[in-house]
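Q: Here is how the chains run, residue by residue.
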Amino acid sequence: MAEQRPFGDVALAINPEPRCPCVLLIDTSGSMGEVVSNIGADTGRTLQQDGKNYQIVSGGTSLIDLVNEGLHSFHTDLMNDPLAAQRIEVSVITFGGSVQTIIPFATAHDFIPPKLIASGETPMGAAIIRAIEAVAERKRLYRQHGLHYYRPWIFFMTDGKPTDAWQTAAQMIRDGEENKAFAFFAVGIEGADFSILKQISIRKPLHLKEYNFREMFVWLSRSQRKVSQSKPGQENQVQLASPSGWASL
Amino acid sequence: MKSLPSLIDKNGQPIPLDRELASGGEGVVLTILNNNKLVAKLYHRQPSDQTAEKLATMVSLANPELLKLAAWPIGLLYHAQSRQVAGFLMPRLNEFQPIQQLYNPIQRLRCFPRAGWNFQVRAAINLASAFEEIHKIGCLIGDVNQSNIQVSIHAVIRFIDCDSFQVQVNGKAFLCEVGVAHYLPPELQNKSLHGLLRNENHDRFGLAVLIYQLLFAGRHPYAGVYHGAGDPSFEQLIADFRFAQGPLAHTWKMSPPPHTPTFVDIPPDLGNLFRRAFERGSEKNTRPSPTEWLMSLKRLEQSLVVCAIDTGHTYWRGAHSCVWCRLGAHGGPEYYFGVAGDVATFAVDEVKLHEVLRRLRECGLFDFRLARHRFVPPQSPKATPLPQGAQESQSAIFILTVVICLCLFAVPFGIIHWAICLGGVLCASVFGIWLAIAFWTAPYYWEIRRRRVALKDATIAFEKIEATWKSIVSRYQRAHYDTSKSVQTLITQCYELASQYQIELKELTIKAEEMGRLRHLRLHLIADADIPQIGTRRKQILASSRMFTAADINDQNVRNIKGFADVLTSQLLYWKNQVQQQFHFDPATAVSVTDKRSLTAKFRNQHQQLLASVNHEITKLESLAPECQASLNKLTPDLQRVVARCEQAEADMKIICNNNYFYYLSGKY
Numbered sequence: 330m331a332e333q334r335p336f337g338d339v340a341l342a343i344n345p346e347p348r349c350p351c352v353l354l355i356d357t358s359g360s361m362g363e364v365v366s367n368i369g370a371d372t373g374r375t376l377q378q379d380g381k382n383y384q385i386v387s388g389g390t391s392l393i394d395l396v397n398e399g400l401h402s403f404h405t406d407l408m409n410d411p412l413a414a415q416r417i418e419v420s421v422i423t424f425g426g427s428v429q430t431i432i433p434f435a436t437a438h439d440f441i442p443p444k445l446i447a448s449g450e451t452p453m454g455a456a457i458i459r460a461i462e463a464v465a466e467r468k469r470l471y472r473q474h475g476l477h478y479y480r481p482w483i484f485f486m487t488d489g490k491p492t493d494a495w496q497t498a499a500q501m502i503r504d505g506e507e508n509k510a511f512a513f514f515a516v517g518i519e520g521a522d523f524s525i526l527k528q529i530s531i532r533k534p535l536h537l538k539e540y541n542f543r544e545m546f547v548w549l550s551r552s553q554r555k556v557s558q559s560k561p562g563q564e565n566q567v568q569l570a571s572p573s574g575w576a577s578l
Numbered sequence: 002m003k004s005l006p007s008l009i010d011k012n013g014q015p016i017p018l019d020r021e022l023a024s025g026g027e028g029v030v031l032t033i034l035n036n037n038k039l040v041a042k043l044y045h046r047q048p049s050d051q052t053a054e055k056l057a058t059m060v061s062l063a064n065p066e067l068l069k070l071a072a073w074p075i076g077l078l079y080h081a082q083s084r085q086v087a088g089f090l091m092p093r094l095n096e097f098q099p100i101q102q103l104y105n106p107i108q109r110l111r112c113f114p115r116a117g118w119n120f121q122v123r124a125a126i127n128l129a130s131a132f133e134e135i136h137k138i139g140c141l142i143g144d145v146n147q148s149n150i151q152v153s154i155h156a157v158i159r160f161i162d163c164d165s166f167q168v169q170v171n172g173k174a175f176l177c178e179v180g181v182a183h184y185l186p187p188e189l190q191n192k193s194l195h196g197l198l199r200n201e202n203h204d205r206f207g208l209a210v211l212i213y214q215l216l217f218a219g220r221h222p223y224a225g226v227y228h229g230a231g232d233p234s235f236e237q238l239i240a241d242f243r244f245a246q247g248p249l250a251h252t253w254k255m256s257p258p259p260h261t262p263t264f265v266d267i268p269p270d271l272g273n274l275f276r277r278a279f280e281r282g283s284e285k286n287t288r289p290s291p292t293e294w295l296m297s298l299k300r301l302e303q304s305l306v307v308c309a310i311d312t313g314h315t316y317w318r319g320a321h322s323c324v325w326c327r328l329g330a331h332g333g334p335e336y337y338f339g340v341a342g343d344v345a346t347f348a349v350d351e352v353k354l355h356e357v358l359r360r361l362r363e364c365g366l367f368d369f370r371l372a373r374h375r376f377v378p379p380q381s382p383k384a385t386p387l388p389q390g391a392q393e394s395q396s397a398i399f400i401l402t403v404v405i406c407l408c409l410f411a412v413p414f415g416i417i418h419w420a421i422c423l424g425g426v427l428c429a430s431v432f433g434i435w436l437a438i439a440f441w442t443a444p445y446y447w448e449i450r451r452r453r454v455a456l457k458d459a460t461i462a463f464e465k466i467e468a469t470w471k472s473i474v475s476r477y478q479r480a481h482y483d484t485s486k487s488v489q490t491l492i493t494q495c496y497e498l499a500s501q502y503q504i505e506l507k508e509l510t511i512k513a514e515e516m517g518r519l520r521h522l523r524l525h526l527i528a529d530a531d532i533p534q535i536g537t538r539r540k541q542i543l544a545s546s547r548m549f550t551a552a553d554i555n556d557q558n559v560r561n562i563k564g565f566a567d568v569l570t571s572q573l574l575y576w577k578n579q580v581q582q583q584f585h586f587d588p589a590t591a592v593s594v595t596d597k598r599s600l601t602a603k604f605r606n607q608h609q610q611l612l613a614s615v616n617h618e619i620t621k622l623e624s625l626a627p628e629c630q631a632s633l634n635k636l637t638p639d640l641q642r643v644v645a646r647c648e649q650a651e652a653d654m655k656i657i658c659n660n661n662y663f664y665y666l667s668g669k670y
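The listed protein sequences correspond, in order, to chains U and P. First residue of the first sequence? That's 330 in our numbering, and the numbers climb one at a time after it. First residue of the second sequence? That's 2 in our numbering, and the numbers climb one at a time after it.
Worth flagging that the hints you see were computed from the coordinates, not collected in a lab. It cannot be assumed that every hint is accurate.
Unchecked claim - SDA-like mimics (lysine to any residue), calculated; alpha carbons at most 20 Å apart, straight line:
#1 K509/U / G449/U
#2 K468/U / K507/P
#3 K444/U / I511/P
#4 K381/U / G449/U
#5 K254/P / K444/U
#6 K490/U / N382/U
#7 K507/P / R472/U
#8 K509/U / D232/P
#9 K173/P / E302/P
#10 K512/P / N397/U
#11 K563/P / I527/P
#12 K555/U / V181/P
#13 K621/P / D483/P
#14 K468/U / D232/P
Unchecked claim - Okay, the calculated beta carbon distance ranges per label pair:
#15 L34/P / E466/U: 51 to 57 Å
#16 S624/P / D504/U: 39 to 45 Å
#17 R281/P / D493/U: 36 to 42 Å
#18 I431/U / Y496/P: 24 to 30 Å
Computed from a predicted model, the values in this text were never measured in an experiment. Built from N, CA and C at the ideal position, the CB exists for glycine as well.
Please put together the full structure from these sequences, using the hints given.
A: Structure representation (structure tokens):
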């Protein structure tokens, strides 16, 4: 009798390219709704979100709008490189109130940039664990289908501090990095708790300059494109462009 | 932008450059003004003397045959002032695409929508013959990879980046010191290519990998399922000669990846060539030459047949059935979807679903009741005869009972004289004790007790088996319920695909319209527009707020600019509205055929997957009743034994009941 096969493996089978998985782990807590440019008129009302008080304004561009815009640039840049578009698989996991897998792993052709909405607290620890589990599961599927893969990236961005326990997650990151199971990158947006980020990430957390989300996402796409065309197993020798265009080091 | 340098050819004639075609790590390729036959490659850095000499040698080797299959250097280019080598001229390739676009199934459906397996076989033949030509003149491709080799819509092969070839002429060798891991043979993995003189056997590995990728749905020969310990890297698998196919693959712990063709789908002689190319020992100069590939591939081409079910499928006649249909039927992708040219729309496969529904109806819940009579032995059991002397003791007990009754009958006559009463009581007591003793010592009594116990034990044993029976049946009922429910869910999901497809198609159309409108708005520059009250100065203000085209205008953004109140804002919005009205959208042609096709392919694949799952589930459902029956059948010997025991005990009991007087007297056990 035929073995049960999980849904979605046709997409894996029809594309024989080696895969380069990348999880975008994005903070969508309430504070990401903060308006940072084109600020509209003050309505005089206030709102408590994510542990802080905010004034309500009539319009403008919030952090999450910038992230959404950045995701579009990320997708466009990937699509410009046909080979990378077939090799890079992106998954979007958000944490705002609860942890949600907004987009399961998909190649650029199947990736539709989502419209994220900010609300709720910052369950950072649970989100990191979810991302690590997703990466492990994806690797299992690759192996099952005889597909080769590059070391997965988990690209984590936050503007706050965890509202749940994050110590287990930090340990999992240390273990994963040690076994070369994945590479974890942390980016702190203005307001992020860098002392905790430093304890979570092995690599030095990057500080996003002036909400340069677009530049950050384009850098991410370019780096992934480079990795995806390196020799599998030697991706750590890839010379990545300096992130100094968008991050203060 | 950097201005283009002025270049001359070896005769001092100026070569006017036009525009950039492509840019790579070491140089750019540019078109030449008024010449569509040639292009120029220009190095970023001044080429070394070694490179210049290599190029000059290659130019001297150029012949019409070579130019038919490679972007071969045909003349050097020099800087007009310094007279130093700047690059070279080569034939221009039109309508060629990297071979990766042909072997990768997804890319092939996009770039070569009508190319079937036969097309890929032809490309493989042309590839082998191109390798043969290059090797013939003492050159090696060296850096064989997925994009250095290009293919046309007629399956014709061309080499590009020829300046990286290894060229060996008159005892002098110009090396190729680059390579891509997937196409490097095991003996060169993890080795430095610097200063390495490559041989034909190395090149033949690259050729074999590309032929394999063309024939095996784009898979790499070493990309199989690894069953060993650890998680070896790609290079490690290659370096260890872990070829995924062939009769011995299991000995090095490999198996072919799921949903791909295997060696049964290609002629054995071709399979042997692949084994000679990829298995251990191949490093000893045994890899098949291009000529050997040519012969085998040509034989394969002659024995290709078109599938009767889908004319987009071609397969090797010797395989007996269509490999592409087989993979599709087992939940694999539709590798050649739409190649036959059918309309790119998606519809639910009603025929298959009706078949599933029919099977579902036939799989009703079966009533497995335990019918005891089926296990009764064919000959009804003979009752065990009563023990000897039973009749005598029964008579004695009967007489004693009568005597006791008579004695007790005397008791009321105590009214006449008290002695009669006393005598009656005494006699009754004496005879009572006698009766009790006789009763307890009677073999008949013990026989009844024994038979009662036997009957009870038999009944308990039967009830135990009955409980096992019932638990097997209830397990069956539960599984039946769960499985039929999941079959129904899958069927519903199948039908839902149709409406989901419509929704996504509509989304595609809406997206196309949005993009079209945006493009249209962006074409209309504020600077060029004639808008009342918006003069040059105001246009400059708008431009400084990053508003250049109609697309940039919206109510909020304009109002945020100082000095733009209601009137000016409404003027701008009015203009934008007018521009918008000029936009015409045709939903019928808006979505590209490729997008439609890939959407359809996506749904077809999901549909296939659901059908495969539903098939699996319904087969499981069908097997439930026979499986339950089989487990119940295992109980038959026990049941027959126990039922026989029951019958025997009942018969034994019955015969005693027929002599019922004593039976009742002995009371219930």
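Q: Compare the structure with each hint and give your call.
A: Hints, one by one, checked against the model:
1. K509/U / G449/U: violated, 33 Å
2. K468/U / K507/P: violated, 34 Å
3. K444/U / I511/P: Given that 20 Å is the threshold and the Cα spacing comes to 17 Å, the pair holds.
4. K381/U / G449/U: holds, 12 Å
5. K254/P / K444/U: Given that 20 Å is the threshold and the Cα spacing comes to 45 Å, the pair is violated.
6. K490/U / N382/U: holds, 16 Å
7. K507/P / R472/U: violated, 36 Å
8. K509/U / D232/P: holds, 11 Å
9. K173/P / E302/P: Not satisfied, since the Cα-Cα distance of roughly 39 Å exceeds 20 Å.
10. K512/P / N397/U: holds, 17 Å
11. K563/P / I527/P: Roughly 18 Å between the alpha carbons, so the hint for K563/P and I527/P holds.
12. K555/U / V181/P: Holds. K555/U to V181/P sits at ~14 Å (cutoff 20 Å).
13. K621/P / D483/P: At roughly 11 Å apart (the allowed maximum being 20 Å), D483/P and K621/P satisfy the hint.
14. K468/U / D232/P: holds, 10 Å
15. L34/P / E466/U: 51 to 57 Å: Given about 56 Å between the Cβ atoms, the range holds.
16. S624/P / D504/U: 39 to 45 Å: holds, 44 Å
17. R281/P / D493/U: 36 to 42 Å: violated, 53 Å
18. I431/U / Y496/P: 24 to 30 Å: holds, 27 Å
Figure legend: structure checked against the earlier numbered hints; hints not met, in rising order: 1, 2, 5, 7, 9 and 17.
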